[in-house]
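K.L.:
Here are the chains, one letter per residue:
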Amino acid sequence: MAVVDIPIARKPSDYRSDAKPIWCPGCGDYHVLMSFTRAFAELAVPPEDIVVVSGIGCSSRIPAYTNCYGFHGVHGRSLALAAGLKITRPELTVVVASGDGDGYSIGGNHFIHACRRNIDMTYVVMDNHIYGMTKGQPSPTTEPEFDTALSPGGTGLRPFHPLVIALASGANFIARCFSGEPNQTAAILVEAIRHPGFSFVEILSPCVTFRPDEKEWKNLVHDAPVAATNDPAKAARRIMTDDGFNIGVLYRGDRMPYRPTVAQGSLDLAELERDFEL
Amino acid sequence: MIAAGSPKIAKVADLFAVAYQIEADAVERYELLAGQMETHNNPELTAVFRDLARAEAIHRDEICRLAGDIDVVARAQRVAKWSRGESPEAASLDDAHYLMTPWHALRLALAGEERALAFFKSVMETAKDPAVKKLAEEFVEEEAEHVNLVHRFLRKYPKPVDSWSSDMDSPVSQE
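From first to last, the protein sequence lines stand for chains A and B. Number 154 in this note's numbering belongs to position 154 of the first sequence; there are no gaps in the numbering. Number 159 in this note's numbering belongs to position 159 of the second sequence; there are no gaps in the numbering.
Chain A on its own, in the form it takes in the complex (with noise of 0.2 angstroms):
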């Protein structure tokens, strides 16, 4: 007789941890992690069989609030674990959370090389537009104007599209979030999943201590008023020409994910070693 495996149902608080958050209160990034939590049950994939990597700041304290595995690696440098683990590992579900100092600046030049790579996995950077953990400095995605004792008078500095960046470089997935729609957001979240190659999930997260001005967010953000497309030419319009606040699924394309084409080596640590020999 044949043996058919049934996914066991799954409830979000199977994939918290007892870790308490220290966020402040009122951060978008309790949301988040409740998206997260919600989205993971709805897949119904182990919680073993689950790595969240990422990098330094706020938003990457998250890995330690679930209890699935998780990899709480250096700056900006989240991409580069994840994509390492994803090639040796391609079974796990590996979903990579960073914020938009991480993810962005420091981070940036493994963000455009992870779109452009297409490895299955999901990228969720949660953009509050501050650098929130070292108390406020502009970020690559804060506004020029943004006025305070650390960029007086405004950085004048053009902020970093990151929804156009991952298009041009090839990422297969790509869709807007809002941390104050948790339930929208879990559901987007299990599409980025599922959806094969490279996903990433930009999620509005506001930042209530350093931009008590983002509050303002929820009266913003709107549904995208078309639905998603897998033309790149097409979404590169519609990206650039929105407004910031447009919540979706914004491309869906039919890339095939990255596969290593070399064979797998020798898992045998002796073996391993006597390769690396001088």
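Each hint should be verified, as a subset may be incorrect.
[Claimed, not checked] Pairs of lysine to aspartate or glutamate residues, derived as DMTMM-like cross-links and limited to a Cα-Cα distance of at most 20 angstroms, are as follows:
(1) B:159 / B:31
(2) A:20 / B:38
(3) A:20 / B:31
[What the hints assert, rightly or not] Reference listing, derived: stretches of chain B covered by chain A, where coverage requires no fewer than 3 residues with Cβ under 8 angstroms from a Cβ of chain A:
(4) 77–87
(5) 97–103
Hints in this document: simulated from the structure, not taken from any laboratory. As the structure is a computational prediction, the values presented were derived from the model and not from experiment. Beta carbons are placed, not taken as given, at the ideal position from N, Cα and C, and that holds for glycine.
Given chain A, work out where chain B should sit, using these hints.
P.N.:
Leaving out everything else, chain B in the frame of chain A:
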């Protein structure tokens, strides 16, 4: 009209399951807020949110009792899902602040109770099954009572002064 993205309620069992989930989500949310306040050294609010969680847990367990043989926990996992917005009685996390006062906590609670009241009213007004309508009516009465109760509590806690959030050692200092 029921808000878009709310669960579909066709049977009495569905309504029990959704009502159960609403209270369960409220408990979870107050516990989360209590945890936030504990982490940020606001013991007064930790206690207030724990009390609110306890009160909602009583409502949650009462719904289980009223549902009798219906397995509300299992059914809620299938039917009590909001695709947009959140479970109505879950207090807003966006409005939390590390220096918030009992007045703010009660305002959050009041908003949650009012959303739950509006939800059950919309179920009552749109239900086709008379049994669902009747049960929804009972939940409306219950939630209206909770709204009044929070209003009574609020009378004990006057609105704080405008400077309630000022902090001599503010985390936003960049000097």
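K.L.:
Against each hint, give a clear statement of whether it holds in the structure.
P.N.:
Each hint, compared with the structure:
1. B:159 / B:31: 24 angstroms, violated
2. A:20 / B:38: The given pair, whose Cα atoms are some 10 angstroms apart, holds under the 20 angstroms limit.
3. A:20 / B:31: 11 angstroms, holds
4. 77–87: Answer holds; 7 residues pass the 8 angstroms Cβ test.
5. 97–103: Our answer is that it holds, as 3 residues pass the Cβ test (under 8 angstroms) against chain A, meeting three.
In summary, the one numbered hint that this structure violates is 1.
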